[in-house]
Amino acid sequence: MQTYLKYLYPHLEPYETGYLATNSVHKIYYEISGNPKGKPIVYVHGGPGGGTSPISRRFFNPKKYKIVVFDQRGCGKSIPKLNLENNTTQDLVEDLENLRKHLSLKQVILFGGSWGTTLSLCYALKYPENVSHLILRGIFLARQSDVDWLYQEGASYLKPTEYERYKNVVLKNNLNPENLVASYHELMHHSNKAIREEALIEWTRWESALISVNKYKFKVDNLDAISEISLIENHFFYHQTFIPENYILDNINKIQHIPTYIVHGEYDLDCRPSGAYELHKSMPNSKLYLLPKTAHTQREYLIAKTLVKITDEI
1 MQTYLKYLYP
11 HLEPYETGYL
21 ATNSVHKIYY
31 EISGNPKGKP
41 IVYVHGGPGG
51 GTSPISRRFF
61 NPKKYKIVVF
71 DQRGCGKSIP
81 KLNLENNTTQ
91 DLVEDLENLR
101 KHLSLKQVIL
111 FGGSWGTTLS
121 LCYALKYPEN
131 VSHLILRGIF
141 LARQSDVDWL
151 YQEGASYLKP
161 TEYERYKNVV
171 LKNNLNPENL
181 VASYHELMHH
191 SNKAIREEAL
201 IEWTRWESAL
211 ISVNKYKFKV
221 DNLDAISEIS
231 LIENHFFYHQ
241 TFIPENYILD
251 NINKIQHIPT
261 YIVHGEYDLD
271 CRPSGAYELH
281 KSMPNSKLYL
291 LPKTAHTQRE
301 YLIAKTLVKI
311 TDEI
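With my numbering applied, the sequence shown closes on residue 314, and no number is skipped along the way.
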């Protein structure tokens, strides 16, 4: 199996880190690396709740780019952790805009993956004048059908054993299997700690079964990290991601002029390839890379290779 790391740039340290205050309790961690005078590019992580890591800086030529990485509300190094108060898509869009202003950036390239594609597109729809390019990997359009595919019925047909385990957590607690997102929401906020923790673990165990072509070994070695993803993801999906149904495609005319690069694995069970194709068809200035024998994450070697090729060329 090829490793994706060989396609990335070498490790580098940020030359600036800080916390951006918001209009609520949240403080957003950010860091800057690369060339202080380079093209500004912003890494927009997935999840929601996925956070960033030192790998996040390595998709970009540090001589060419001013690399901005930040953790969204409630996750990563942002504080307070796991806080769902004032944690909506609109809040995250405004955090990104305030970060752009704080760093005195005129236009930015947005580099988003999975949920990061949703947030990047929502930001571009509100502030199209501030976005020069969109580089999007693993398109998630945040429609109810996209959420249902992932958490209710769809991917379930392709991973029946793993799905049964995920669903059984709801059944054994006598909750509604017809709305697993809502039932898991109830379990994640249960008064019983053991029930809460099982729900947090099994939610992420299920999604982890869908993200790779190869067998993914799920480990429960960091409950805090699992909780960030499970709790924040479920919070957003329980609230229909806080945006109207089909919001992105219904408003796509506002950003059709932005050069957009869409990278998606043909074997992506987490986010359907059809979503990438629909987005591409709706954006005349987009280029679609549907990658064979490739699944969801940036750890897929063809995805990493393609993303670096794009950032090298634009």
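You may find that some hints are simply not true.
[Unchecked claim] In silico DSS-like links for lysine-lysine, alpha-carbon gap of 27 angstroms or less: (1) K159 with K64; (2) K106 with K64; (3) K287 with K309; (4) K193 with K287; (5) K81 with K64; (6) K6 with K219; (7) K81 with K63; (8) K193 with K77; (9) K309 with K281; (10) K254 with K6; (11) K77 with K293; (12) K101 with K39; (13) K309 with K39; (14) K287 with K254; (15) K219 with K37; (16) K281 with K293; (17) K39 with K64; (18) K254 with K217; (19) K64 with K309; (20) K293 with K6; (21) K77 with K159; (22) K305 with K39; (23) K101 with K167; (24) K106 with K159; (25) K81 with K6; (26) K6 with K287; (27) K77 with K37; (28) K6 with K281; (29) K63 with K126; (30) K293 with K254; (31) K101 with K37; (32) K106 with K27; (33) K63 with K287; (34) K27 with K159; (35) K39 with K77; (36) K126 with K106; (37) K64 with K101; (38) K126 with K287; (39) K126 with K6; (40) K81 with K106.
I should point out that these hints are in silico values taken from the structure, not numbers from a laboratory.
Taking the hints in turn, this is what the structure says about them:
1. K159 with K64: Since the Cα atoms of K159 and K64 sit roughly 42 angstroms apart, the hinted pair is violated (cutoff 27 angstroms).
2. K106 with K64: Holds - the C-alpha atoms of K64 and K106 are around 17 angstroms apart, at most 27 angstroms.
3. K287 with K309: holds, 13 angstroms
4. K193 with K287: Not OK: K193 and K287 at ~47 angstroms, beyond 27 angstroms, violated.
5. K81 with K64: Violated - the C-alpha atoms of K64 and K81 are around 33 angstroms apart, more than 27 angstroms.
6. K6 with K219: Between K6 and K219 the Cα gap is close to 25 angstroms, so the pair holds against 27 angstroms.
7. K81 with K63: Not OK: K81 and K63 at ~33 angstroms, beyond 27 angstroms, violated.
8. K193 with K77: holds, 24 angstroms
9. K309 with K281: holds, 22 angstroms
10. K254 with K6: Status violated; Cα separation ~37 angstroms.
11. K77 with K293: With a Cα-Cα distance of about 34 angstroms, the restraint between K77 and K293 is violated, given a limit of 27 angstroms.
12. K101 with K39: With Cα atoms ~15 angstroms apart, K101 and K39 stay inside 27 angstroms; holds.
13. K309 with K39: Holds, because 16 angstroms separates the two Cα atoms, which is no more than 27 angstroms.
14. K287 with K254: holds, 18 angstroms
15. K219 with K37: Cα-Cα ~41 angstroms, so violated.
16. K281 with K293: OK: K281 and K293 at ~22 angstroms, within 27 angstroms.
17. K39 with K64: holds, 6 angstroms
18. K254 with K217: Status violated; Cα separation ~42 angstroms.
19. K64 with K309: holds, 13 angstroms
20. K293 with K6: Between K293 and K6 the Cα gap is close to 19 angstroms, so the pair holds against 27 angstroms.
21. K77 with K159: Roughly 33 angstroms between the alpha carbons, so the hint for K77 and K159 is violated.
22. K305 with K39: Since the Cα atoms of K305 and K39 sit roughly 20 angstroms apart, the hinted pair holds (cutoff 27 angstroms).
23. K101 with K167: violated, 44 angstroms
24. K106 with K159: violated, 45 angstroms
25. K81 with K6: violated, 33 angstroms
26. K6 with K287: Status holds; Cα separation ~25 angstroms.
27. K77 with K37: Roughly 26 angstroms separates the two Cα atoms, so the pair holds.
28. K6 with K281: The hint is violated at about 32 angstroms.
29. K63 with K126: Distance ~30 angstroms between K63 and K126 Cα, so the pair is violated.
30. K293 with K254: Violated: K293 and K254 sit about 33 angstroms apart, past 27 angstroms.
31. K101 with K37: Answer holds: K101 to K37 is near 16 angstroms, not above 27 angstroms.
32. K106 with K27: holds, 23 angstroms
33. K63 with K287: holds, 25 angstroms
34. K27 with K159: violated, 38 angstroms
35. K39 with K77: Roughly 25 angstroms separates the two Cα atoms, so the pair holds.
36. K126 with K106: holds, 15 angstroms
37. K64 with K101: Holds, at about 21 angstroms.
38. K126 with K287: holds, 22 angstroms
39. K126 with K6: violated, 36 angstroms
40. K81 with K106: Violated - the C-alpha atoms of K106 and K81 are around 30 angstroms apart, more than 27 angstroms.
The structure shown violates the earlier hints numbered 1, 4, 5, 7, 10, 11, 15, 18, 21, 23, 24, 25, 28, 29, 30, 34, 39 and 40.
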